[in-house]
Structures are given as structure tokens and as C-alpha cells.
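Dock chains U and P against the given chain R, drawing on the hints supplied.
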Amino acid sequence: MDALISLFRDSWHWAAGTSFGVALVLAVLFVVGFISVWAMFGVWLERKASADFQSRLGPMEVGPHGLLQSLADGLKLAFKEDLVPKDADRFLFVFAPAVAFCGAFAAFVAIPFSPAFNVIDVDLGVFFVVAITAIGVIGVLMAGWSSNNKWSLYGAMREAAQLVSYEIPSALALMIPVLVTGSLGLRSIVEFQCMPSDGDLKAASLVYLSPNGWLAFYSPWTLVAFVVYYVASLAECKRAPFDLPEAESELVAGFHTEYSGLRFSFFFLEEYGMMFVVSAVATAVFLGGWQPLPWLSVNFATLGIVGHLLAAGVFLAKTIFLVWVQIWLRWTLPRLRVDQVMVMGYKYLIPITLVALTMMACYAAYGIRYVPGIG
Amino acid sequence: MADAMTTASSAAPARTFIVPGDPLRPPDTHVDVRTQELQINMGPQHPSTHGVLRVAIWVDGEIVTRADPDIGYLHRCAEKIGESVTNIQYVPYTDRYDYLAAMNNNLGYCLAVERIAEVEVPERAQYIRTIAVELNRIASHLMAVGTYGLDVGAFTPFFYAFREREEILRILEWICGARLTYNFIRIGGVMRDAPEGWIPDIQKFLDLFESRLDEFNDLLTHNHIFVQRTANVGVITLEDALGYGITGPMLRGSGLRYDLRREAPYLLYDRFEFDVPIGTGIKGQVGDCWDRYWVRILEMRESVRIVRQAITQMPAGEIMAKNVRHLAFKSKPGEGYLGTENPRGELGYYLISEGQPNSYRSRIRAPSFCNLSILGKLLPGTMLADAVAIIGSTDIVLGEVDR
Amino acid sequence: MTAQEIKQALEKDGLGAGLTLFEGPKDPALVVPREQLLKVARHLRDARHLAFDLLIMVTGTHMIEKRDAKGVVLREPGFELIYHVRSVKNRALVAFKVKLPIGDPTVDSVSSIWPAADWHERETFDLVGITFKGHPDLRRILLPDDWEGHPLRKDYAYPKAYRDINLEVDPPWPTP
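Residue numbers (our numbering), protein chains in the order written: chain R, 1 to 375; chain U, 1001 to 1403; chain P, 2001 to 2176.
Only chain R is shown next, with the shape it has when bound in the complex:
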């Protein structure tokens, strides 16, 4: 967004004061547009991937290979009757999808698509993302309670327990890369991974070797952190095997049983938005962001706008791959029961993360490197 601001400032000097506002509006519109397009693509990807796993074809009619199917579904949802159950708490019922969606939507602000393409370069990126996505919990609770439906209430109760529990290993796992890089900002973590051996990022050649490489392979403890973060993020997104809150075969549809039409599509947007956010954070923090290969970096900034687009492309490719793995896991594994979810979170993930954090701190204090430095 700084680039946009400087763009406006240079060309429209008379509107220097308003350039921030205009840039902000444009950035927000971009993010909303991006989420909508992403949600459509995500739904299409899920339907096609699940069809592939189930030896069938998936959507084929609307558009080539069903690409426009999500658009048709969105239009259908928009035209549906707006139902609010008779005895539902009207204000909470209407407000809940918005709250849930905002939790996922606001986290997009901090994601570094490329060295210049990020809405705001948040210094506390990791902390900000973890905190903001927790707002989604409130939205789900509101939805479950206000529906005046015991099954929705069940979904909401289970979801509150699950999401709040899994925020702990998720945040702890993110602390390990923060320990390594010494910074909470997402862009700085990616830059750490792309850092050339002489430490000067801007003056590096087009293609160079960076000794740090992807944080996932930096040290065994960061690898553990990556796996733990990925699993915990599955629970955060309410994806199988942790999809109790919307367990179809048990609770009809869990907390969003009573929602129809556009309100229901908000929950969908929230789910796919969260999937993207957690995958994007995992990509940025563990998989090197826009770094093409583990120890091989490309200095995209020297290529101008094309370079930034290429960097964003690399970033998106990795993120979509992680989302695809999430889809793969959902359609393969059965669902864990609620006490098994809690056991997994508290008895397995948290101790593993704490041990990894301690060991990483020891490694950092004694300067032990897993991979001998290159250069």
C-alpha cells in the first residue's frame, strides 16, 4: 500500500492529503475482491479435488470444467429467501456472519504477497493475525446461540472449545520462527528467509543463494513447528478431521443450520478466507513466502512491477498447494470426537510445541545450526 500511496502522491500532488484515504479504499476493495474471487476458486478447487478422490468428475457443466459453477451458486444464494427463525435472537442472528467474516477478512491486511504487495506492513504481523482470527470464534458462538436450535447450540459450544484450545499450539508454533528471526512482522520473516549471505537484500543479484532458506528446513524444531502449526490451523478452520462444529452427519449442519441464502454464503466466505489466511501465514513464515526454492532466491524487486507479480505468483502457488493439502485431508480422514480433539490439542500438540520452543531457544543461544552456513 505504500507503493500505492507514493504512486498517488507523485502524480496527484494537489490530492496529497487524500491520497492515503484513496489508497486505503482501493486496498480494501482489492482485498474484498480478492477474497470473493478466492472463495469462488476455493469452492471450485474443493469440489474438483473431492470429485477426483471419489472417482467422479465434479462440476462440468457451467463454464469450462465447471469454473463458473461457484458464480452460479453465489447468484443462487443471493436470490434465496432471507429466513430468520421465528424465535431467534434477531440482532445476533444477523450480525453473526458479519463478525465471523470480519475475523478472516481483517487478517488479509497483514499478508505479504510480494516485497511491495501488502496492504499494510504490520510490524506485529504474527501477533496481529493470531489475534484477529480469534474474532471468528465469537461470530460462530453468536450464530449457534441465536439460532434457537439445540443442534446449532451444540455446534457452537464444541466449536468454542475447539478453536480456543487450538489457538495455543498454533500461536506457540508461530513463536519458534519468531525466535529464529527476531521479528514478528511477516514481511521481515520472509526477508530473513531470503537474506543473502552478505546481509544486504536490496543489492543482491537477480538469482542468489540464501543461507537461511525456508524456515521449515532451517532446523528440526522449525519443522516440528510447521507440522504443528498446520495441524492446529486445520482445527482453526474447522476442517476435517476437526470439523465437529459443522459435523454434517451428526449435527445436520452445526452452527449454521438455520442460515440460508446470502448469510450462509458469508460463513462460506469466512471458511475459505480462513483457509487462505492460515495457509498464507504458513507459506510466509515456514515456506519462504516468495522464495522459489528452499535456498535459491530471486530478487524480484529489480524486475519492477513484473517482478512483484511473479513474486505474488510464487506466493499464491505455495498457498494454494497448502489449501489443496487441507482439502485432501478433509476428504480422506474421518472426524475426531470432541474429547479426542481436546486430548490431541492439550496432551500432544502443546507439549510438543513447548519442547520444540525450548530446544529452539537452546539452539539459538548456543548458535547451533542444522544446515552448515552457505558462504
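Just so you know, these hints were derived from the structure itself, not from any lab. For every residue, glycine included, the Cβ atom is placed at its ideal position computed from N, Cα and C. Just so you know, not all the hints are guaranteed correct.
What the hints assert, rightly or not - With a cut-off of at most 27 Å between alpha-carbon atoms, the simulated DSSO-like pairs for lysine-lysine come out as follows:
{"id": "1", "chain 1": "U", "residue 1": "K1080", "chain 2": "P", "residue 2": "K2099"}
{"id": "2", "chain 1": "R", "residue 1": "K86", "chain 2": "R", "residue 2": "K150"}
{"id": "3", "chain 1": "U", "residue 1": "K1332", "chain 2": "P", "residue 2": "K2154"}
{"id": "4", "chain 1": "P", "residue 1": "K2026", "chain 2": "U", "residue 2": "K1377"}
{"id": "5", "chain 1": "P", "residue 1": "K2097", "chain 2": "U", "residue 2": "K1080"}
{"id": "6", "chain 1": "U", "residue 1": "K1080", "chain 2": "P", "residue 2": "K2066"}
{"id": "7", "chain 1": "P", "residue 1": "K2039", "chain 2": "P", "residue 2": "K2012"}
{"id": "8", "chain 1": "U", "residue 1": "K1080", "chain 2": "P", "residue 2": "K2133"}
{"id": "9", "chain 1": "P", "residue 1": "K2007", "chain 2": "P", "residue 2": "K2026"}
{"id": "10", "chain 1": "U", "residue 1": "K1332", "chain 2": "P", "residue 2": "K2099"}
{"id": "11", "chain 1": "P", "residue 1": "K2026", "chain 2": "U", "residue 2": "K1332"}
{"id": "12", "chain 1": "P", "residue 1": "K2160", "chain 2": "U", "residue 2": "K1080"}
{"id": "13", "chain 1": "P", "residue 1": "K2089", "chain 2": "U", "residue 2": "K1080"}
{"id": "14", "chain 1": "U", "residue 1": "K1332", "chain 2": "P", "residue 2": "K2039"}
{"id": "15", "chain 1": "U", "residue 1": "K1330", "chain 2": "P", "residue 2": "K2070"}
{"id": "16", "chain 1": "U", "residue 1": "K1332", "chain 2": "P", "residue 2": "K2089"}
{"id": "17", "chain 1": "P", "residue 1": "K2066", "chain 2": "U", "residue 2": "K1330"}
{"id": "18", "chain 1": "P", "residue 1": "K2099", "chain 2": "P", "residue 2": "K2039"}
{"id": "19", "chain 1": "P", "residue 1": "K2160", "chain 2": "P", "residue 2": "K2097"}
{"id": "20", "chain 1": "U", "residue 1": "K1332", "chain 2": "P", "residue 2": "K2070"}
{"id": "21", "chain 1": "P", "residue 1": "K2099", "chain 2": "U", "residue 2": "K1377"}
{"id": "22", "chain 1": "P", "residue 1": "K2039", "chain 2": "P", "residue 2": "K2007"}
{"id": "23", "chain 1": "R", "residue 1": "K150", "chain 2": "U", "residue 2": "K1377"}
{"id": "24", "chain 1": "U", "residue 1": "K1080", "chain 2": "P", "residue 2": "K2039"}
{"id": "25", "chain 1": "R", "residue 1": "K347", "chain 2": "U", "residue 2": "K1283"}
{"id": "26", "chain 1": "U", "residue 1": "K1322", "chain 2": "P", "residue 2": "K2026"}
What the hints assert, rightly or not - Quick list of the computed label-pair ranges, beta carbon to beta carbon:
{"id": "27", "chain 1": "U", "residue 1": "K1330", "chain 2": "P", "residue 2": "P2144", "range": "47 to 57 Å"}
{"id": "28", "chain 1": "R", "residue 1": "V164", "chain 2": "U", "residue 2": "Q1203", "range": "50 to 60 Å"}
{"id": "29", "chain 1": "P", "residue 1": "E2148", "chain 2": "U", "residue 2": "K1330", "range": "27 to 37 Å"}
{"id": "30", "chain 1": "R", "residue 1": "G261", "chain 2": "P", "residue 2": "P2172", "range": "29 to 39 Å"}
{"id": "31", "chain 1": "U", "residue 1": "K1330", "chain 2": "P", "residue 2": "G2103", "range": "48 to 58 Å"}
{"id": "32", "chain 1": "U", "residue 1": "W1198", "chain 2": "P", "residue 2": "K2070", "range": "48 to 58 Å"}
{"id": "33", "chain 1": "U", "residue 1": "W1198", "chain 2": "R", "residue 2": "G313", "range": "53 to 63 Å"}
{"id": "34", "chain 1": "P", "residue 1": "G2103", "chain 2": "U", "residue 2": "P1333", "range": "19 to 29 Å"}
{"id": "35", "chain 1": "P", "residue 1": "Y2162", "chain 2": "R", "residue 2": "F34", "range": "50 to 60 Å"}
{"id": "36", "chain 1": "R", "residue 1": "S55", "chain 2": "P", "residue 2": "G2134", "range": "35 to 45 Å"}
{"id": "37", "chain 1": "U", "residue 1": "Q1045", "chain 2": "R", "residue 2": "M60", "range": "29 to 39 Å"}
{"id": "38", "chain 1": "U", "residue 1": "E1210", "chain 2": "R", "residue 2": "I305", "range": "55 to 65 Å"}
{"id": "39", "chain 1": "P", "residue 1": "Y2162", "chain 2": "R", "residue 2": "L262", "range": "14 to 24 Å"}
Quick look at chains U and P alone, frame taken from chain R:
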């Protein structure tokens, strides 16, 4: 059918807790905590109840404290109809009870009538009946294990099971024209002879099926999460099983090797070699949900063996008895019970005939009806998610529970 | 074990009071008098050589009066309950009947002996109208709780309306 969705309005008595280890309180202090049980209805519209079943569950948090199955939503006055229409006209009605194993229902009724009316069924017809019944058993078990995966949250094995079930339904459609409610086994024989190419097609399917079953096992049966969800859940002891009149894979899952095809053979089953699998508590306790599921998987293999033997032994000949037409006008008086082994348990027909073409009383002993009655004892103490797994493992079909 | 053998075994164990054999045609069955039902049933389950532990079915039938051509009564009106129980150990099936008079269709419940009888007896109560004394929870199972009448009786009159649903409508097919 009581009122649906009644909230727990009656004040539950206050439960008292002893506060452990609080040094400021004297020991054995009772604290008053007023809690309420929540009554929720599972069904009649619910994705996991395998039909229109309503289970009124009282829960305390996530633990079920009381369960009361409420049936009758699919009651279609079967036994009253059995008294009004003639025996020959009643055969299509029998398809509709256990619609997933319709051949077995046809067979049970026709065998019962043939016993009372003393009709001799030709041998080729009996072999064709055996093949149809065993193929239907495989199809029914595939449905049971596929939907059980769905209940537990695994969406993909369902499609794999149904891919094989499609094949069987296609084979059965070839011979009788229907995929679900066949009306194929008639009083005195079968409706139609095996067309050209039917038997080789079945052999091709059987050769393919074993490897597909191994693939299904890799996908679901030994999956760690699935085992965690179903092992040690819903354990039915043998004593309970016998007391509640449970038969079929549920009884065999509790460790008793009891199969009516062996104990009281009907329809040439004494000529075939097959094993009767039982649950042995491999993954947990004997008689848990996984054991019942595993018995169904193994039974599919045994059915494949029976069909292979039936195909090799089948002679040429007639497919319908000679003197059946007169049953439309009169029958022989008598009353008798005949039990057959349905995929779900013992299906029995008790007929009282007074020489009229219609029965005086035709009573159906539905296995799912008896298997369901243990739910009131089995569910309390389990968690809600376990309740879904347990109901799925009973493999009920509401058509025959309610008739 | 045939019905004859079971009858002899019961008589040897001292429970033969009032026990008769229904010869057929087709399946023979023991006829147990109403007062002896619980004792006979418990003995059938508990005796080592009998061991009938798997209750298959409880059937109730409304028997209407049967007269032959000359008007001689062949069968009194009444109810008939028939129990089928299997023995797993002895690979046998026993069928025993209890005949009930038309004015007093009550009998003891065997649900304390075989818990499976719980639902079967509820169904018999629901559809035929036989009351079981000592049943833990005798209420209708298949029909709605406020249904009137017992449909499987031969003199059952179809209701004209149920709650606010009118049942006397013309069928959608042409009628004469």
C-alpha cells in the same frame, strides 16, 4: 409420537458436588449446583439415523443420560395388508420392508408360504435364488459400511462402496428389471431365468470385488481415527445380546458364531462351504462397533465364496413350480414360522393360513426391530458423537422396523 | 428338539399342569395356560437341558369365532399369543401359545425373563390390544400415542378422522 422438541422445563433436582481439596472449607462440604438436562431429538429428519427414526436423548453436556427410540414414522400397516391381499399378491409388499435387502425379504416370505402350501421348488430356481440373495447381501453390507463411514465423518469411502454396489444393482437389474425392490423371488420359484451372459458377468464382478474390498479396508477399516471412533464404543456383551433378541452381525460381533444358514439351513445352504465370521475384539473389546463392522466386511467375502460355488453347481431345469396357480384361489390350512438369515439378522415370517388364498395372520419378525431395542440400554453413558456411531453400527432399516 | 420332546421335558420337571400340544397342521406348538406362563417361560430359559435364551418373536392374533356349516362352534372367539424362542446351545426352536378369552385380554409380561419381549409386547398391545401385566413401560410403539383402537383386530373400524385430518376422503382413483 410425543411432542417434538420439548424443552427441559421441569426443574431437575439440584445436584450436589463435594469440593475437593479446598483448605478453607471443612472436608465434605456440599456445594449446590443446579444443572438441567437438555432433551434433544435426533430425528426424525437427521442425516445419521438411517431413515425416519427419532431418538429422544437427554444429555448432560456431551454425555447421554437417557435415550428413548421412538419409531412408527414409517408404519405402513404391513400386517393388516397381509391379511387382505392374497399370498401371491403380497410378494411385492415384502420388498418394501427391508428395501436394502429386498431379495432376502422376498425369499423369507416365499419360503414360509411354500412350506405351508407344500410347494416343491425346482432346483435351478433354488440356485438362482441363492445367487440373488447372496449378491443382495453383499450390496446391503456395502451400503452399511459406506454409510457408516459417512456417520463417522469419512466422506470418501462411501463412494468407493457405492461403486461396487452399482455393479451389483446393474447385475440384478439385468435379471429382473429393478434395482431396489425386485419382486423377483416368487412363490414356487423365480420370475425369470438367467439370461445369456449373466453368469459370466457375475464372475467378472466377483474377480474384481476382492481387490476392491482390500482397497476399502486400507481406506477406512484400519484408519487410526476410524478405529479410535469405533473401537471400545457401544460394547454389547453376549448376555445382553441374547437377552434382547439380537441376531445377525450384531450378535456375531459379540463373539457368538450363530448363523441361521448353519443352524437351521434352508434353501440349499447345507451344500455350500463357508465360514461364519465373529468379532474377536482385535481393536478393542469384543462386541464393540468395530467388531460389528468387521463382521460385515468379512461376511461379504463369504458371500462371494457362496456365489462362486452356486454358479459352479447350478443345474439346468425349470425355474417355477408347476402347481402354483391354484394358490390364487385356495391354499392349505396350517400355521408355521420360518426364519431366514437377513443381512441384518433373523428375518422370520409367521403365517396362519386357513385354506384361503390370503393368510389369516402374517406376522413379520423384523431383525432391525429387535436390534433397535437395545439402544435404550446401550446409549446412556456414552457421548453424543458415540451415539451416532452406535446407531450406525446397528445397521437398521426403518422400513422393517416399522413395517 | 420337537415340541413333543419339550412337553415331555417340562412334564418331567413338574411344570406339566394344564400343558397341551397343538398338533398343527404344520408347526406343532405347546399350549400353556395363562397362569403358568411365567413359570414355564422361566424354566425354559433357565433349565440346562432346555436353555431357550433367544426370544425371537411375540405374536398376538385376534381369533374370531369359527363355525362350520351346521353352526357348530369350532373355535371360540378370543386372542392367541404365540412365543417363539430359540435355543442357541441346543439348536432348537420352541413355539408356545397362550389362549386368552375375548373379554379379558391380559397376561403376564415375560420382559423380566427376556428383555427382548419389551418391544414385542408393546407392539402387541399397540396393534392387537393385549395388556401385559408387569410390563415396565406399556405404551404404543408404532402408532401415535393418542390413536384409538387396535388395528389388527378383525373388527377394527377404520377411524373417520385423526386429530384434524379427515380420513373419509374419496380415493384419487375412480370408484363406482
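- Indices of hints not satisfied (ascending): Result: hints 4, 13, 14, 16, 19, 21, 24, 27, 31, 36, 39 break, sorted rising.
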